[in-house]
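If you're matching them up, the sequences are chains A and B in order.
Heads up: the first sequence begins at 1 in this note's numbering, then just goes up one per residue.
Heads up: the second sequence begins at 1001 in this note's numbering, then just goes up one per residue.
No lab work stands behind these hints, which were simulated from the structure alone.
Stretch-level coverage of chain A by chain B, calculated; a stretch enters the list once three of its residues show a Cβ under 8 Å from a Cβ in chain B:
#, region
1, 262-274
2, 313-325
Result set (DMTMM-like, lysine to aspartate or glutamate): computed pairs, CA atoms no more than 25 Å apart in a straight line:
#, chain 1, residue 1, chain 2, residue 2
3, A, Lys-78, A, Glu-26
4, A, Lys-210, B, Glu-1042
5, B, Lys-1359, A, Asp-272
6, A, Lys-182, A, Glu-220
7, A, Lys-218, B, Glu-1258
8, A, Lys-227, B, Glu-1223
9, B, Lys-1355, A, Asp-72
10, A, Lys-227, B, Glu-1134
11, B, Lys-1191, A, Glu-167
12, B, Lys-1191, A, Glu-160
13, B, Lys-1191, B, Glu-1160
14, A, Lys-210, B, Glu-1008
15, B, Lys-1200, A, Glu-170
It should be emphasised that the depicted structure is a prediction, and the values quoted were computed from it without experimental measurement.
Glycine is no exception: its CB is placed at the ideal position from the N, C-alpha and C atoms.
Protein chains: 2
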Amino acid sequence: MQFEITREYVEQLKKLIEDKNTKEVETLMEPLHPADIAEIMEGLNIDQARYIILLLDGETASDVLVEIPENDRKRLLKELPPDFIASKLIEFMDSDDAADVVADLDEDRKKEVLNEIEDFEQAGDIVDLLEYEEDTAGGIMAKELVKVNENWTVATCLKEISRQAEEVGEIYYIYVIDDTEKLKGVLSLKKLITTNTNTKISNVYNAEIKMVNTNVRKEEIAEIMDKYNLVAIPVVDEIGRLKGRITFDDVIDFIREEAEKDYQMVSGLTGDVEPGDKVFTLMRARLPWLLIGLFGGVLGSLVLGSHENQLSKATELAFFIPLIAATAGNVGVQSSAIVVQSIASGVKEFETIGKRLLKELMVAMATATIFAVLIFAYNFFSSGNMDLTFSVSISLFIVIIFASIFGTVVPLFLNRVKIDPALATGPFITTSNDIIGLSIYLLIARMFFGIL
Amino acid sequence: MQFEITREYVEQLKKLIEDKNTKEVETLMEPLHPADIAEIMEGLNIDQARYIILLLDGETASDVLVEIPENDRKRLLKELPPDFIASKLIEFMDSDDAADVVADLDEDRKKEVLNEIEDFEQAGDIVDLLEYEEDTAGGIMAKELVKVNENWTVATCLKEISRQAEEVGEIYYIYVIDDTEKLKGVLSLKKLITTNTNTKISNVYNAEIKMVNTNVRKEEIAEIMDKYNLVAIPVVDEIGRLKGRITFDDVIDFIREEAEKDYQMVSGLTGDVEPGDKVFTLMRARLPWLLIGLFGGVLGSLVLGSHENQLSKATELAFFIPLIAATAGNVGVQSSAIVVQSIASGVKEFETIGKRLLKELMVAMATATIFAVLIFAYNFFSSGNMDLTFSVSISLFIVIIFASIFGTVVPLFLNRVKIDPALATGPFITTSNDIIGLSIYLLIARMFFGIL
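So that you can see chain A by itself, here it is in the shape it has in the complex (with noise of 0.2 Å):
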């Protein structure tokens, strides 16, 4: 039912374009939507993509640059010569993804692509969207949207509608205002076509409406939307008035943005990285977190040495190094990864912190007693050396309970002094965990092999 992209189609799209078969190409491409291009043209280099977009026509080229992830679509923008930026690709953009579009370009570039751009209302809209900080609703809003006033009739406004609909791609609620223009209220298609054309729209209007002012930061918007299930909503200034609209896709993506984010850093990643990205792109993501790791291992390694006697006299002790430091971690991952997800989840949590505290000692506890008990169970039965015994049963149980409290605090901390509580379950807390894991464990066995 869906046009499928195959592995050759791609090969022989590169193909003709190598060999600059124009018609050919565009031939191949004429049943494909522009996602579809969007995503060919991740798997072309910088050339193979600027042929193809300057052979697209101007609708389709922005639908296509729009969808394109933003490093890409950057690096092609800098290979795009700026009466084509302005006259094939922003006049057909909504003004949000105009304004992206512009606020990837160098300052030179920027002014001259402004003054390309014929409609200067539209140039207008870009620049005043690009005012606002860029992760607020100012900042992702557009500015195209169908608007009424209180005082029409339902006559009137599917007149008007009409009219404006034309620059908008979906209408989804008709925004309500009042002469100053401020927002009243929404309205429905569905109850415009199904009221008497001659009833004046304030007795109609919804006027119990979700909306978010222009400096309201993703992450709260996002929240709302998903919450109330909305496919769009307004944003208004501070006294009001009615200025743009977000809608459902730029929220879908900042959603999955963001999960993104929370998976890289607990999977030890600093950046989006694909398979078939480029190695020193990927390494650029995977190295600085594996380099904490490799600091963390020689912090270890001195904790350890610092212990050399005790070590050299009872090498038995060595054995369960692993299991010390892998539970210490695995433990504090868990406590912090519950936080951030709670947290990012958006979901009030009603308990004090305090009892949330209370809540992960009970689950520590209970936790660390089960894992005392059978590692004294295993230890007792396979070596039968009481002293070995003890010292890991009794550090396995602090270190349970430890690195539960630590990994729940460090989170509600950072969240607390605005840094990003995601941050706790990357590298820094689990080598911490790993480190002072097994320093308890070495005074503990200290206390019960008497070496020093």
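Starting from the known structure of chain A, fit chain B onto it as the hints suggest.
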């Protein structure tokens, strides 16, 4: 702008519920949106939640129930009388939500509730929907939609839509069918409003429409709707007849759930838990993977134990156990996470598996070289023990390459055999990497130190 739910508010509500002060509870909840009530319900116990839901009018109660997390909903439904479920909840729900509710009931109650539904057509819709598999388009679609015949005029359509729209929450698209109910295309309300009323629908509808078959899986639906930015997608049967539609809010929830699942996997949790959950629930989500880690730790101790002689004669070897184990784990998780994320994002890879492995190998070689050199320099200058210096460096080099390849191959393999590739980021692989890494380390060391 938004009603803010505070801890004090919830405490006050709880107190009023305990006092059975129905009037005050109603006043307190008056300004709330169903989604807000659902959020508050998560903080209530089952009796309090039951009290609230029985108090609400049908429209609100049904909206609240739809917004409650599935597990809570199941528990709450058990506490409600069948006639209440049928006449106050299901009555006001769209067919997809109603089917979800009925599916949550156990067999006896299911029949009872279905028979209590007054609207026979609605009961029929629910029974029809229950036939489809849960995670397919049929299982998540709603029957409510607006459809028009291609032979009608715009004027007839507008009248028909007014009639049909009563049962549909939001009209996003109007579906155009032929006399055999076959889906021909789509029409936007915007188009309808802006077209002359005498025009025949067949002349104005858009035939280029994305649709899915009833048996298409959720993952694929989410991918298509996200890729093409669709608010809703129609569902058709094998011979193309229009059966229902799926809307964007279902997809947002699904994307979020999938991302959460992957996140839980990599952070060692087996369920979606919140810090506020019961101790038992938290334990159940945390213990399984910690226990696998415990088992891995014991295996690790056996591996180290089998090299006891070596470790007792060269204690300094033990110092680098945490470094080797941690690096093996970190590199493996990174490699797996990159593959898992690329599979989850649904972005097509146009490279062959051979090429991807070659790239992974190049990244691994470069990383391994950097790490081997760094740790060589560190050990050379800090200890000067050349046996140790060579052992650690060479082991680290081999371990990084092994963990990279292992971490890349396993999720690719799991995906090929239709197992969730995210499993690779879980504890099995990390634990395996730890143990294999340690074995490599001790075998290499044996070559240098020559101890048996």
